[in-house]
Amino acid sequence: MNLLEKLVERNERRLKKIDENPDPTKLWSNRLGYEIDRDHYRELLEAWQQGKPLLPWFPSAILARAMGALHMQLETFVDQFPEESPRYYQAVRSMGLPENVCDTMVLAVAAVKLGDLPAPSLISLCPRVPCRLWIYYMKILAEYFNVPQFEIDPPHEYSEESIKYLAGQLGELIEFAERNVPGIKYDQDRHLELLEAEGAWFGYANKEWELRKRIPLPVDSRDTFRQPFRRGPDLIDDTAKLLEFWRQRTEEIEERAARGVGREERLRVLWIWGRPVYADPMNVLEPRGVSVPAVVLPPTATFGGKFPISDDGKELGRQFSPLEHEASNWLSQDMLQRPRRGGHGWAEDIIWVCQDLKCDAIVYYQVVGCLHMGSPAKLVADMAERELGVPTLILAGREMEATFLPIPEFESRLAEFIDMVLAQKGRG
Amino acid sequence: MEDKLKKLVSAGNKENRTKWAHEWQGQGKKVVGVLDNMVPEEVIYAAGMLPWRIQGTWQEDVSRAMIYRMPQTSAFLNHVLQSVLEGELDFLDGMVYSNRDEDFVRFRDYWESLSKTRLVYLIEVPIMDSELTRRRFAAKIREFIGVIEEFGKAKIDDKSLRDAVAVYDKGRALLRKMYELRKRELPPVSGGEALAITIAATVMPRDEFNKELEGLLPYLEKRKANVSHTRPRVLLSSDLLDNPAYVDLVEETGCLVAMDDMDTGSRYFWEMVDGGSEDPAYALAKRYLKSRLPRMVDWQEQAEQLMQWTREFHTDGVLDLTETYDHTREFRRPFLEHRLKEAGIPEASFERDYHLSNVGQLRTRIGAFLEMLESKTAG
Numbered sequence: 001m002n003l004l005e006k007l008v009e010r011n012e013r014r015l016k017k018i019d020e021n022p023d024p025t026k027l028w029s030n031r032l033g034y035e036i037d038r039d040h041y042r043e044l045l046e047a048w049q050q051g052k053p054l055l056p057w058f059p060s061a062i063l064a065r066a067m068g069a070l071h072m073q074l075e076t077f078v079d080q081f082p083e084e085s086p087r088y089y090q091a092v093r094s095m096g097l098p099e100n101v102c103d104t105m106v107l108a109v110a111a112v113k114l115g116d117l118p119a120p121s122l123i124s125l126c127p128r129v130p131c132r133l134w135i136y137y138m139k140i141l142a143e144y145f146n147v148p149q150f151e152i153d154p155p156h157e158y159s160e161e162s163i164k165y166l167a168g169q170l171g172e173l174i175e176f177a178e179r180n181v182p183g184i185k186y187d188q189d190r191h192l193e194l195l196e197a198e199g200a201w202f203g204y205a206n207k208e209w210e211l212r213k214r215i216p217l218p219v220d221s222r223d224t225f226r227q228p229f230r231r232g233p234d235l236i237d238d239t240a241k242l243l244e245f246w247r248q249r250t251e252e253i254e255e256r257a258a259r260g261v262g263r264e265e266r267l268r269v270l271w272i273w274g275r276p277v278y279a280d281p282m283n284v285l286e287p288r289g290v291s292v293p294a295v296v297l298p299p300t301a302t303f304g305g306k307f308p309i310s311d312d313g314k315e316l317g318r319q320f321s322p323l324e325h326e327a328s329n330w331l332s333q334d335m336l337q338r339p340r341r342g343g344h345g346w347a348e349d350i351i352w353v354c355q356d357l358k359c360d361a362i363v364y365y366q367v368v369g370c371l372h373m374g375s376p377a378k379l380v381a382d383m384a385e386r387e388l389g390v391p392t393l394i395l396a397g398r399e400m401e402a403t404f405l406p407i408p409e410f411e412s413r414l415a416e417f418i419d420m421v422l423a424q425k426g427r428g
Numbered sequence: 001m002e003d004k005l006k007k008l009v010s011a012g013n014k015e016n017r018t019k020w021a022h023e024w025q026g027q028g029k030k031v032v033g034v035l036d037n038m039v040p041e042e043v044i045y046a047a048g049m050l051p052w053r054i055q056g057t058w059q060e061d062v063s064r065a066m067i068y069r070m071p072q073t074s075a076f077l078n079h080v081l082q083s084v085l086e087g088e089l090d091f092l093d094g095m096v097y098s099n100r101d102e103d104f105v106r107f108r109d110y111w112e113s114l115s116k117t118r119l120v121y122l123i124e125v126p127i128m129d130s131e132l133t134r135r136r137f138a139a140k141i142r143e144f145i146g147v148i149e150e151f152g153k154a155k156i157d158d159k160s161l162r163d164a165v166a167v168y169d170k171g172r173a174l175l176r177k178m179y180e181l182r183k184r185e186l187p188p189v190s191g192g193e194a195l196a197i198t199i200a201a202t203v204m205p206r207d208e209f210n211k212e213l214e215g216l217l218p219y220l221e222k223r224k225a226n227v228s229h230t231r232p233r234v235l236l237s238s239d240l241l242d243n244p245a246y247v248d249l250v251e252e253t254g255c256l257v258a259m260d261d262m263d264t265g266s267r268y269f270w271e272m273v274d275g276g277s278e279d280p281a282y283a284l285a286k287r288y289l290k291s292r293l294p295r296m297v298d299w300q301e302q303a304e305q306l307m308q309w310t311r312e313f314h315t316d317g318v319l320d321l322t323e324t325y326d327h328t329r330e331f332r333r334p335f336l337e338h339r340l341k342e343a344g345i346p347e348a349s350f351e352r353d354y355h356l357s358n359v360g361q362l363r364t365r366i367g368a369f370l371e372m373l374e375s376k377t378a379g
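If you read the protein sequences in the order shown, they are chains A and B.
The working numbering puts the first residue of the first sequence at 1, with every later residue one more than the last.
The working numbering puts the first residue of the second sequence at 1, with every later residue one more than the last.
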C-alpha cells in the first residue's frame, strides 16, 4: 500500500471513529476537516493512477490547480509516517544524498524513489519557502525522475518592481508547463476564483489568530500541532466545501471563546520551527497545564497561523492581474520576507508573537540541517530573555527520527524546562 | 626569481595575509572583507578600497563559535566566526558577502552582533543564468555600487568601474596563463603552489599581484615543480578550500594535482568580464553568474566544464574533497558522479573538515583511489 492509500484509509478510520464515538472536547468541525483531508488524498491518488499532472512545491498551490494540475506537498505526507524513516534513510544513502539536511525533505525523495509517492510531472526550481536548499531538493527530484524543470528566481523584497518581475516569471512558467506537460492548461477564471477563496481563507485564519489570544485557549493544543492551516483552498477541487470548513471552524472557536471553554492554563508556550513527529510534546505539556497557541512551523509558509492580507493591488493604487496578485501574495508571505530581513528581524517577529499571544516561554526546536530557520535560535533566545524576560529552550533534532534527540532525552529536557519556568513564575 | 615565487606563494598564508590590508589602511584607505566568490570585487576596488578575502581560523578549536552556531553547519563559517570572536578580523572596515547558500545568509546575524565592522552587506545573486536574471543581478550590482560609494565617500562611474574590471581581468588572464602551464607533463608549479598563488590574488592589491605574477611568468615557463609524482594526474574538486596544505597532502600521497575545480582556485578567475560592454554592471553580472558554484542550478554546465578540464589537463581522475556540511555540494554529488561515470572518468569523493584534520584517514582513502587510478592507467 502506498502512502496516499494509507492516508485515505487513516482518514476513513478517523471519520468512522468520530461518527461512532464523538469526543465532545474536540472541535466538531474536525469531522469536515478530516473529510477534506481524505478527499485530498483520494484526488491525488486518482490523479496518480490516471497520469494527471502532479506538481510538488509549486510556486503557488492554487496556481497549480488553476492550471488543471494537483499540488502535492510531499513532505507533509512523509512526516505522517515516522516509522518508515529507517527504510527511507536506507534509500537516501543508496542514492548518495546528504543525510544531514531537513529530514522530511530528503526522505520525501526516498519515498518517491521507492514508489510510495508519485513522481512529479514538472519541477519548478523555486519553492515558496525561504530556504534555498529546497531548490536543490527539487533539482534532485527533477534530475532523478527526468521531468521538465523550470527555474524561477524569487526576489526578496516587496515592491512593485519585484511583483512585476515575479509575475513575469510565473507567466513564463505557465507557457513552459503548457508546452511540456500533457494535461496542463491555465484557466484564468478558475485562478481568480481561487485567489478570492485564498483571500477568504486568509481572513478566517487571521480571525482564528485573534481568538488564540484568549485565555483559556479555545482550541486543543494538539490541534495547533496538527497545523490546520495546511488546509488551503487548493487542497480539494470543491472550494466551497473548504471555505465551509473554515467558516464552521472559526464560528465554533468563536463560540468556545465566548463561553470560556478550554483547558486550565498554567503556562503558554510558543513552539518554533520544527517538532518531532516521532514523539508527542503534549505528553509532557498537557499534564503540566501548558497550552500552545501557535506553532511556527515549516513548511506551511505561514507565520504560525498569522496570514498576510491578500492584496489585489489596492495598496499600489491599481488592479493587479491574477499573476501579479499571486506574486504579491507570495512576496508578502511572512516566512518568505521576514527571515530575509536577517535573524534580528525574525527575532523581533518572534517577540511580537510572544507578546501578541501572551506566551510565557519559547521552545525552539532546531531541525538538524535546517540552516535557514534553525540558525537564529540563540539570537531569538537572547532577545526574548532581554526584552521580555521570556526563557527559551533550544533543542536540536530531526523531525522524523530520534538519532539526535532520543525520546527520553527530549521529554526530560522539555519537562525540566517547563518545571523551571513554572517554579520561576510561582505556579509550580 | 625562486625567492620571488616563494614570496608570492606565501602571500596568502596566515602570517602574511593581512600585510597588504594593514598597509592599505596605513594610507588612510578602507579594507572590505569578502566572504565568497559571488561578490564583484571590482566594485570595491573601483572605490579605492581593498577587497580582502576572509578566511577562518585554521585552528581546530571553534568552541566559542559553536555557542552561536547550529550543529551540522558549514565548517568554514564556524571557523570564520571563531576568528571574529577572537578579534582576528577586527581590522576590517566592512564585510560583503552573497546569498551563496542559506548558511551564508544566516551568518550575517552573528556577524552583525559580534563583529566591529561598520558595513555588513549581502548582495543577492540569482541561482541561474538567464537574460532575466542577468538584468536583475545587474540592478543589484548598481545598488551595491551605491552602498560602496556611500560607505567609501567615493564616486564610482563607468570609467572607474571599467578600469577596475581591466585590472581584475588582467589578473585573471595571468592566472590562466599560469594554469595553462599546468597542462605539461611536469608543470612549473605544484597543485599546492597554484592554489597558494590564486589565494595571494585575493589578499593583495590586484595591480601589485598582477605585477608580481607577470614578472614571474617567464621564469615559470622554464621552471619544473619539485613534485614527488607526475602520475597519476588528478583534478581536485572542492569549494571553500583555502588551505594549500590539503593539496600538498593529496600530492604527497602519490599523485600530481594537475588541475582544480575550486571556487578558491580555477573558478575564482576562469571567466572574464566583457570589457567592451556598454554597461559594466551588466557585464559583471554576466561574468559572476558563470561562477559554476554548485549553488547555481546549471549543474549540467558545471559537469561539462569539469569534464572539459579533465581532458585538457590530461588528468586520470577526479578527486572530490567536499567540506563536511557543504549541503549544496552534497546535493549535487549524485548528479555529478553519474555524469562522470557516464563519461568514463574515475572519481572518488571524501569529506574533509575546514582546518587540516583526519590526515591519516584521508591519506589512506586517497591512497586507495590513487592505486585504483594507477592500475587503470597501467591496465
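Note that these hints are calculated values from the structure, not bench results.
Treat the hints with care, as some may be off.
Unchecked claim - One-sided excerpt, in silico: chain A residues whose CB lies under 7 Å from chain B: (1) S29; (2) R132; (3) K378.
Unchecked claim - Derived DSS-like pairs: lysine-lysine, alpha-carbon spacing no greater than 30 Å straight-line: (4) K7(B) x K286(B); (5) K211(B) x K183(B); (6) K140(B) x K314(A); (7) K159(B) x K14(B); (8) K113(A) x K341(B); (9) K140(B) x K164(A); (10) K153(B) x K116(B); (11) K224(B) x K155(B); (12) K6(B) x K140(B); (13) K164(A) x K286(B); (14) K170(B) x K14(B); (15) K222(B) x K153(B); (16) K29(B) x K183(B); (17) K376(B) x K164(A).
We treat Cβ as the ideally placed atom computed from N, Cα and C, and that holds for glycine.
Hints, one by one, checked against the model:
1. Below 7 Å, beta-carbon pairs count as interface contacts, and S29(A) has none with chain B, the closest being about 37 Å; its hint is therefore violated.
2. Nearest Cβ of chain B to the Cβ of R132(A): about 6 Å, under the 7 Å cut. The hint holds.
3. Because the beta carbon of K378(A) sits about 5 Å from the nearest beta carbon in chain B, less than 7 Å, this interface hint is met.
4. Using a Cα cut-off of 30 Å, the hinted pair K7(B) and K286(B) is violated, with the two alpha carbons roughly 34 Å apart.
5. For the proposed pair K211(B) and K183(B), the alpha carbon gap of about 23 Å is at most 30 Å, so the pair holds.
6. The suggested pairing of K140(B) with K314(A) holds, with an alpha-carbon distance near 27 Å, which does not exceed 30 Å.
7. In summary, the hint linking K159(B) to K14(B) is not supported, as the alpha carbons are separated by about 35 Å, beyond the 30 Å threshold.
8. For a cut-off of 30 Å, the pair hint linking K113(A) to K341(B) stands: about 21 Å separates their Cα positions.
9. Of the pairs offered as hints, the one joining K140(B) and K164(A) holds, with about 16 Å between alpha carbons and a cut-off of 30 Å not exceeded.
10. Our distance criterion of 30 Å between C-alpha atoms is met by K153(B) and K116(B), whose separation comes to about 20 Å.
11. Straight-line distance between C-alpha atoms of K224(B) and K155(B) comes to about 46 Å, which puts the hinted pair past the 30 Å bound.
12. Between K6(B) and K140(B) the alpha-carbon distance is near 39 Å, which puts this suggested pair outside the 30 Å criterion.
13. For the hint linking K164(A) to K286(B), the alpha-carbon distance of about 22 Å falls within 30 Å, and the restraint holds.
14. With a C-alpha separation of about 26 Å, the suggested pair K170(B) and K14(B) falls inside the 30 Å cut-off, and the hint holds.
15. A threshold of 30 Å between alpha carbons decides the hint, and for K222(B) with K153(B) the separation of about 46 Å lies outside it, so the pair is violated.
16. Proposed proximity of K29(B) and K183(B) is contradicted: the alpha carbons are some 40 Å apart, above 30 Å.
17. A distance of roughly 56 Å separates the Cα atoms of K376(B) and K164(A); the hinted pair therefore is violated under the 30 Å criterion.
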